[in-house]
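Chemist: Following the hints, put chain B in place on chain A, whose structure we already have.
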Amino acid sequence: AQSVTQPDIHITVSEGASLELRCNYSYGATPYLFWYVQSPGQGLQLLLKYFSGDTLVQGIKGFEAEFKRSQSSFNLRKPSVHWSDAAEYFCAVGGPGYSTLTFGKGTMLLVSP
Amino acid sequence: NAGVTQTPKFRILKIGQSMTLQCTQDMNHNYMYWYRQDPGMGLKLIYYSVGAGITDKGEVPNGYNVSRSTTEDFPLRLELAAPSQTSVYFCASNVDRVEDGYTFGSGTRLTVV
Chain A
1 AQSVTQPDIH
11 ITVSEGASLE
21 LRCNYSYGAT
31 PYLFWYVQSP
41 GQGLQLLLKY
51 FSGDTLVQGI
61 KGFEAEFKRS
71 QSSFNLRKPS
81 VHWSDAAEYF
91 CAVGGPGYST
101 LTFGKGTMLL
111 VSP
Chain B
1 NAGVTQTPKF
11 RILKIGQSMT
21 LQCTQDMNHN
31 YMYWYRQDPG
41 MGLKLIYYSV
51 GAGITDKGEV
61 PNGYNVSRST
71 TEDFPLRLEL
81 AAPSQTSVYF
91 CASNVDRVED
101 GYTFGSGTRL
111 TVV
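Chain order of the listed sequences is A and B. Take 1 as the starting number for the first sequence in this note's numbering and just add one per residue. Take 1 as the starting number for the second sequence in this note's numbering and just add one per residue.
Read the hints as simulated data drawn from the structure, not as lab findings. One or more of the hints may lead you astray.
For lysine to aspartate or glutamate, the following EDC-like pairs were computed, each having C-alpha atoms within a straight-line distance of at most 20 Å [claimed, not checked]: (1) B/Lys44 - A/Asp8; (2) B/Lys44 - B/Glu59; (3) A/Lys61 - A/Glu88; (4) B/Lys44 - A/Glu88; (5) B/Lys9 - B/Glu72; (6) A/Lys105 - B/Asp38; (7) A/Lys61 - B/Asp100; (8) A/Lys105 - A/Glu20; (9) B/Lys57 - B/Asp96; (10) A/Lys49 - B/Asp100; (11) A/Lys105 - B/Glu59; (12) A/Lys49 - A/Glu15; (13) A/Lys49 - A/Asp85; (14) A/Lys61 - A/Asp85; (15) A/Lys61 - A/Glu20; (16) A/Lys49 - B/Glu99; (17) A/Lys68 - B/Glu99; (18) A/Lys105 - A/Asp8; (19) A/Lys49 - B/Asp38; (20) A/Lys49 - A/Glu88.
Chain A extracted, bound-state conformation (with noise of 0.2 Å):
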């Protein structure tokens, strides 16, 4: 079965500052991997997404993710943030033979002045 652990509940990083967002999975072959962004009363939009080739992959609004399989995991960097890059951030994983993507629980960005 595959599953999908975000560690950090609440993150709160100062404006101007680089992000990191741990995501780690349990896959049994090569995953599919996603990361979403949901801002508030907003639908989830796609970031990012790997599921083969390079290991490093970029995103919309300078986001970008390695994934590491040594590590089963999927971590979501932005070098610098803003303010709007509040909100939820969720990590997602599915792969060949399955037709369903599972979450996890999210992690919610803060961001101060």
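Modeler: Positioned in the frame of chain A, the structure of chain B alone reads:
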């Protein structure tokens, strides 16, 4: 191209009432999904469908029913509303490749009192 449209956006139900949450997509996607989102719990899969006439249970199907008579529509039915069904409900779709990720609707916030 509207994407995934959910109606209503908000609803208050009394215990024991029934209602249908509507979801329609105009992208000719074969796969459609219903998730519920509760604070601190992430998204949990209720039901999904891989094509018209085909539905399957997810992680938390009890108290819900679905049907998929057309490619475009995937309504979610609550027959006897209970306070435990107070949640935000998201519909999502995908062409037929999980590695592409989902397109989400904007959600329905349901309160059962």
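Chemist: Give me the numbers of the hints this structure contradicts, sorted from smallest to largest.
Modeler: Those not satisfied are hints 12 and 19.
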